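**Student:** Using the sequences and the hints given, assemble the complete structure.
Protein chains: 6
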Amino acid sequence: MLLTVINPNTTESMTASIGKAAAAVAAPGTTIRAVTPAMGPASIESHYDEALAVPGLLAEIAAGERAGSAGYVIACFGDPGLEAARELAHGPVVGIAEAAMRTASYLGRGFSVVTTLGRTAGRAHDLAEHYGAARFCRGIHACEIPVLELETDPAARERITEECRRAIAQDGSDAVVLGCAGMADLCAHIAGAIGVPVVDGVAAATKAVESLVSLGLRTGDRGEFARPPAKTYTGILADFQIH
Amino acid sequence: MLLTVINPNTTESMTASIGKAAAAVAAPGTTIRAVTPAMGPASIESHYDEALAVPGLLAEIAAGERAGSAGYVIACFGDPGLEAARELAHGPVVGIAEAAMRTASYLGRGFSVVTTLGRTAGRAHDLAEHYGAARFCRGIHACEIPVLELETDPAARERITEECRRAIAQDGSDAVVLGCAGMADLCAHIAGAIGVPVVDGVAAATKAVESLVSLGLRTGDRGEFARPPAKTYTGILADFQIH
Amino acid sequence: MLLTVINPNTTESMTASIGKAAAAVAAPGTTIRAVTPAMGPASIESHYDEALAVPGLLAEIAAGERAGSAGYVIACFGDPGLEAARELAHGPVVGIAEAAMRTASYLGRGFSVVTTLGRTAGRAHDLAEHYGAARFCRGIHACEIPVLELETDPAARERITEECRRAIAQDGSDAVVLGCAGMADLCAHIAGAIGVPVVDGVAAATKAVESLVSLGLRTGDRGEFARPPAKTYTGILADFQIH
Amino acid sequence: MLLTVINPNTTESMTASIGKAAAAVAAPGTTIRAVTPAMGPASIESHYDEALAVPGLLAEIAAGERAGSAGYVIACFGDPGLEAARELAHGPVVGIAEAAMRTASYLGRGFSVVTTLGRTAGRAHDLAEHYGAARFCRGIHACEIPVLELETDPAARERITEECRRAIAQDGSDAVVLGCAGMADLCAHIAGAIGVPVVDGVAAATKAVESLVSLGLRTGDRGEFARPPAKTYTGILADFQIH
Amino acid sequence: MLLTVINPNTTESMTASIGKAAAAVAAPGTTIRAVTPAMGPASIESHYDEALAVPGLLAEIAAGERAGSAGYVIACFGDPGLEAARELAHGPVVGIAEAAMRTASYLGRGFSVVTTLGRTAGRAHDLAEHYGAARFCRGIHACEIPVLELETDPAARERITEECRRAIAQDGSDAVVLGCAGMADLCAHIAGAIGVPVVDGVAAATKAVESLVSLGLRTGDRGEFARPPAKTYTGILADFQIH
Amino acid sequence: MLLTVINPNTTESMTASIGKAAAAVAAPGTTIRAVTPAMGPASIESHYDEALAVPGLLAEIAAGERAGSAGYVIACFGDPGLEAARELAHGPVVGIAEAAMRTASYLGRGFSVVTTLGRTAGRAHDLAEHYGAARFCRGIHACEIPVLELETDPAARERITEECRRAIAQDGSDAVVLGCAGMADLCAHIAGAIGVPVVDGVAAATKAVESLVSLGLRTGDRGEFARPPAKTYTGILADFQIH
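Protein chains in written order, with the working numbering: chain F, 1 to 243; chain S, 1 to 243; chain G, 1 to 243; chain A, 1 to 243; chain W, 1 to 243; chain E, 1 to 243.
Source of the hints: derived by calculation from the structure; they are not laboratory data. Since the structure is predicted, the reported quantities are computational estimates derived from the model, not experimental observations. One or more hints might be untrue.
A pair counts as met if it fits within one copy or between any two copies, since identical chains are not told apart.
Subject to a maximum C-alpha distance of 20 angstroms in a straight line, what follows is the list of computed EDC-like cross-link-like pairs (lysine to aspartate or glutamate) [as the list claims (entries may be wrong)]: (1) Lys231 <-> Glu151; (2) Lys20 <-> Glu129; (3) Lys20 <-> Glu149; (4) Lys20 <-> Asp221; (5) Lys231 <-> Glu149; (6) Lys231 <-> Glu158; (7) Lys20 <-> Asp185; (8) Lys231 <-> Glu144; (9) Lys231 <-> Asp153.
**Tutor:** Now the structure itself:
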């Protein structure tokens with residue numbers, strides 16, 4: 001089973017770390033392809049960044065289809081382009097916010113999200129509602145560390161761990177959801193430090209899409225998620241035309 | 001990884017068929033223990049049946065703990081005793097309605113549930129709300145076939161298939177959720193016949209609990225789902241005392 | 001009019017106190033039968049306890065039917081077994097959380113629940129939603145006094161009174177709901193001390209079921225709450241078989 | 001216990017019939033005062049009528065306070081002036097839509113409302129939401145009989161009975177709520193004819209307010225429902241000034 | 001285009017200030033008629049006041065119709081009598097809470113309401129829900145200044161400004177909504193002082209109704225908001241009869 | 001006042017018609033700039049199209065800022081890129097679905113949306129929820145006419161008119177919302193034909209943004225909608241870098 005994990009930003013070191021997190025939980029027989037788009041922002045920290053990450057991400061879905069990918073993970077906590085990707089791919093597509101929130105919902109009555117910048121909390125809130133996870137999501141907490149500093153700031157790990165500890169106490173939650181693909185490698189450390197289940201979306205989404213493929217399930221393609229009608233695209237996006 | 005799949009009714013032929021459905025999707029390295037409680041109703045078709053299925057089910061959770069079970073599936077679409085089981089078990093516990101609804105939510109904007117008796121629709125509706133799946137659940141449809149006749153009525157397969165086809169058309173859904181553990185073996189047939197994804201809860205819950213165990217996740221046990229306080233139980237339930 | 005008030009735990013002193021609270025508000029001509037199940041937990045403080053209290057409670061409903069009971073109160077704030085009891089009884093069945101919340105909703109825009117252990121707050125929250133009282137329920141507050149210590153701890157009365165005072169101030173509520181049948185005898189004291197309406201569920205449910213019977217109303221029995229289909233029950237629950 | 005039942009319209013024959021319905025269910029020791037306002041519309045069939053019924057209704061609350069009334073019923077299904085009345089009265093005030101909907105919520109999973117004119121359905125919908133009864137209210141059905149023709153049209157009884165039967169079947173409801181005080185005397189007939197519980201708001205509200213008074217409960221008066229600040233009223237409403 | 005702005009209380013200095021705020025934002029060609037009812041309370045600070053303001057307000061709608069008014073603003077933050085007014089007027093009618101909340105919803109993810117007395121917050125909360133603005137309304141804050149002291153208390157301006165600043169910080173809001181028509185003239189000052197958008201309902205409603213008239217839109221009059229059925233009104237309200 | 005109306009697809013005849021609809025309702029002193037992006041799909045009929053329309057649309061926002069535009073309309077009923085545009089623009093940005101739904105909410109209790117292809121209904125449903133208009137939106141109806149055929153199919157006008165008539169009757173709505181910018185020129189015809197208010201989003205959004213500018217209001221820029229952090233963009237999107 002070939003699964004494609006797309007890092008929607010263009011920072012390759014982050015793709016590597018995401019690919020590692022996915023591979024670490026994949027079942028025997030599952031192969032992980034972690035890919036970086038050829039265009040878009042270096043990190044995603046605004047609606048603007050998210051919008052501009054989508055064309056590159058969709059190009060990777062198209063490439064994945066040509067490569068025979070059985071399913072896809074969109075590895076940014078804003079789940080950018082998820083619905084467009086579902087129209088394009090034949091196999092299932094799972095976003096990491098979607099998978100993390102649904103996975104955490106199995107673990108108790110409520111979870112807390114700990115994310116990077118406060119300005120992304122609105123998007124996380126919208127997604128929680130969209131996925132039916134709002135009733136489980138007790139709070140969205142920002143540690144105000146920019147995405148790319150997760151890799152470079154030596155203090156980041158402890159600041160995030162402390163924010164998780166504080167969030168759990170304040171919200172009375174049963175679990176933590178990490179709100180950024182760049183936090184995937186902190187999951188085990190935080191769980192050990194604070195003693196509650198911690199869900200990393202990259203790992204959760206990898207298991208979710210792998211499970212869907214095992215179960216023979218794919219996006220329903222009779223209505224909203226049917227293949228897009230063919231039409232002309234112009235300008236620098238002309239290559240996105242569907243045939 | 002040892003997983004226990006509990007059929008909450010006392011009909012052993014149904015346990016066998018449920019165990020087969022679980023084993024069919026388990027990853028290499030996962031062992032399925034399908035068990036039948038020593039007490040309770042022959043099938044679950046009312047709130048009364050459901051209530052009386054729970055003690056036997058909880059005894060099986062206790063037995064599973066002694067046997068080293070890493071996680072549990074509760075294989076009745078009412079998800080009876082799920083919260084009590086989570087207090088008792090160290091590993092994750094997943095209900096088949098819970099898993100089926102969350103799994104179907106990855107497949108599009110809406111699903112239709114097709115179940116046995118109309119009188120159980122209220123419970124399914126409550127569960128959809130409880131799990132945050134109400135926004136995806138577009139309809140709950142009964143074919144008015146009693147649970148135990150699923151195995152014996154030769155016309156059941158086609159009646160259920162037709163009800164699924166009708167439900168999808170009426171609700172404009174992207175997927176079907178089968179609303180009874182006794183329908184597990186019909187899943188592939190119906191999917192083939194009607195051309196939309198069909199989710200069987202037994203298979204979905206098996207993959208969900210297997211994924212949670214792979215991810216190192218279990219029920220948060222610091223609050224509502226901590227082990228129950230020890231106390232005296234009297235009468236024929238005295239053996240349920242926790243030490 | 002004969003009404004049966006069931007204490008779902010097996011502690012007889014608590015049954016006596018509940019029976020007294022019910023009798024104190026009953027109209028002339030109403031007879032209260034307060035009963036204790038022959039099996040189950042000494043107190044109810046977890047989902048596990050609640051699940052195991054239900055068989056004994058249902059046996060008391062069956063006994064009440066034989067005794068000609070016109071209606072029933074389930075006197076535990078988790079309203080255990082309410083839906084199953086409604087299938088079994090011919091007359092109306094009311095839970096004390098249900099009645100307390102609906103009664104408090106007549107008294108203003110919002111109420112605060114004050115209960116025993118924090119781990120039961122999740123159940124109270126679910127019930128508030130289930131009964132349509134979530135929009136009135138502004139907070140659920142625990143005083144962390146175990147149920148059976150309500151009777152024995154001399155400081156309990158004042159701790160609960162203080163928690164009620166604090167809850168009203170914090171939530172800006174118009175009324176208090178006492179979240180445990182064991183608090184029934186504190187109601188008048190607390191109302192006097194804090195100067196806002198305080199609702200005890202045992203008294204509220206007694207008036208609710210008495211009113212339903214006076215109005216000639218019973219559970220609708222054409223659909224979900226019709227009598228359960230007859231079937232085999234095995235093991236120590238064989239006696240629960242319905243004929 | 002003196003209870004005042006206010007018919008918010010000025011049609012005295014309707015007041016008489018409402019008073020009779022209230023008295024029929026009152027407990028021994030409860031006295032019913034049924035009153036008609038000195039100003040306002042002959043019947044209430046629009047937002048405009050409802051708004052103009054309120055001053056007369058509030059004058060009756062003030063008169064009831066002088067007469068020592070222990071509680072009040074507002075006997076129009078739009079529950080006009082309920083919140084203002086709660087500010088003015090010392091005892092509890094209950095609307096018939098409020099009581100009917102809460103009472104019907106004890107009887108199963110859902111009820112259908114059958115009312116007079118379709119143009120009043122929006123108000124009933126708002127009230128169902130406001131009282132937390134929206135999750136129980138499965139449909140609001142109009143028989144398009146003007147309020148005052150309920151008393152005079154000999155075919156009204158059967159048309160309403162048929163609409164109730166149709167509503168129950170269409171909505172899959174467990175009970176019917178009659179959506180007009182003028183239908184109070186049809187309740188027993190319809191229940192007998194269609195075989196499901198039928199709730200008349202006048203009777204339900206009478207029992208609700210009587211229960212609240214028995215329980216020693218009144219509207220919380222520390223916040224929103226405190227007595228209105230004294231101030232000048234001018235014009236023909238100058239008499240409404242509070243001292 | 002002639003627009004009528006109704007101050008539902010009887011304080012003429014407040015009408016003048018409201019009229020000024022409306023005229024300040026009206027487009028060239030729009031004429032503002034600001035009117036004061038001949039009966040009712042001097043200010044509106046309770047449900048009781050609100051109920052008694054409505055007849056005078058409806059008389060002004062009737063007068064506006066005779067004067068050829070193309071649309072109406074109801075300039076009290078409780079939006080009293082809005083639905084009745086819509087039945088009576090041929091052109092559109094807009095409440096200032098309604099317009100302020102909808103307008104603020106264009107400006108970001110959430111707004112805070114800052115109002116006069118805490119006892120009016122319940123009404124504002126109901127309106128937010130009724131208009132679909134509850135998901136944008138993050139908090140309702142009272143500065144406990146009576147309505148008529150807004151004009152006379154020299155400290156009012158700064159207290160309200162500080163409450164706005166505090167509300168924004170506490171709620172994390174993108175904008176402020178002023179919760180009283182009497183605050184209209186503070187809008188620019190507060191916006192300048194705290195640096196976030198501040199919405200005054202009088203101005204917002206004036207633009208909303210002017211826009212509706214420009215677009216050729218009026219209340220739909222085929223159902224709930226059709227003209228009220230003609231009938232007898234008695235007592236001091238006899239003049240409100242519709243012909 | 002210079003307002004920019006962006007047609008997010010690349011079909012220039014549609015831009016012309018949209019610009020005409022906006023200009024027709026603009027106040028004296030308002031200048032409309034209707035613009036077409038240099039890249040993207042010829043029409044927007046899927047999530048994929050919508051995602052790929054956004055970069056071109058954002059380029060037009062950036063161009064509008066350079067041209068001194070005071071506010072923006074996004075003239076596609078999916079409101080693509082609205083949140084990103086709000087981060088980028090200094091003045092207010094309004095989507096046509098947003099404005100149409102909020103405008104229709106002033107006209108009664110409920111509206112029906114009539115749109116082009118059924119596959120876009122999911123997006124309209126999400127937007128209704130996002131804007132708080134779900135409680136007003138009674139149905140979303142497709143006439144299955146592709147966007148570009150609105151201009152060329154001579155039967156389109158009558159098919160849409162009939163669909164509007166049918167929708168109003170089925171939903172019991174007070175108003176119609178046209179679900180495509182390409183329907184702007186049909187608005188008056190349909191309103192005349194079916195006799196209920198019909199809202200065209202292009203006109204409604206033009207008045208909404210013009211009103212916001214008149215009121216001195218813009219998007220709150222202290223939190224989620226602050227200008228995006230500057231960072232590197234690569235590939236064909238490098239020009240989107242913010243300085």
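**Student:** Now tell me, hint by hint, if it's right for this structure.
**Tutor:** Results for each hint:
no.	hint	in the structure
1	Lys231 <-> Glu151	between (42 angstroms within a copy, 16 angstroms between copies)
2	Lys20 <-> Glu129	neither (30 angstroms within a copy, 36 angstroms between copies)
3	Lys20 <-> Glu149	within (19 angstroms within a copy, 49 angstroms between copies)
4	Lys20 <-> Asp221	neither (31 angstroms within a copy, 29 angstroms between copies)
5	Lys231 <-> Glu149	between (41 angstroms within a copy, 13 angstroms between copies)
6	Lys231 <-> Glu158	neither (50 angstroms within a copy, 26 angstroms between copies)
7	Lys20 <-> Asp185	within (9 angstroms within a copy, 37 angstroms between copies)
8	Lys231 <-> Glu144	between (42 angstroms within a copy, 17 angstroms between copies)
9	Lys231 <-> Asp153	between (46 angstroms within a copy, 18 angstroms between copies)
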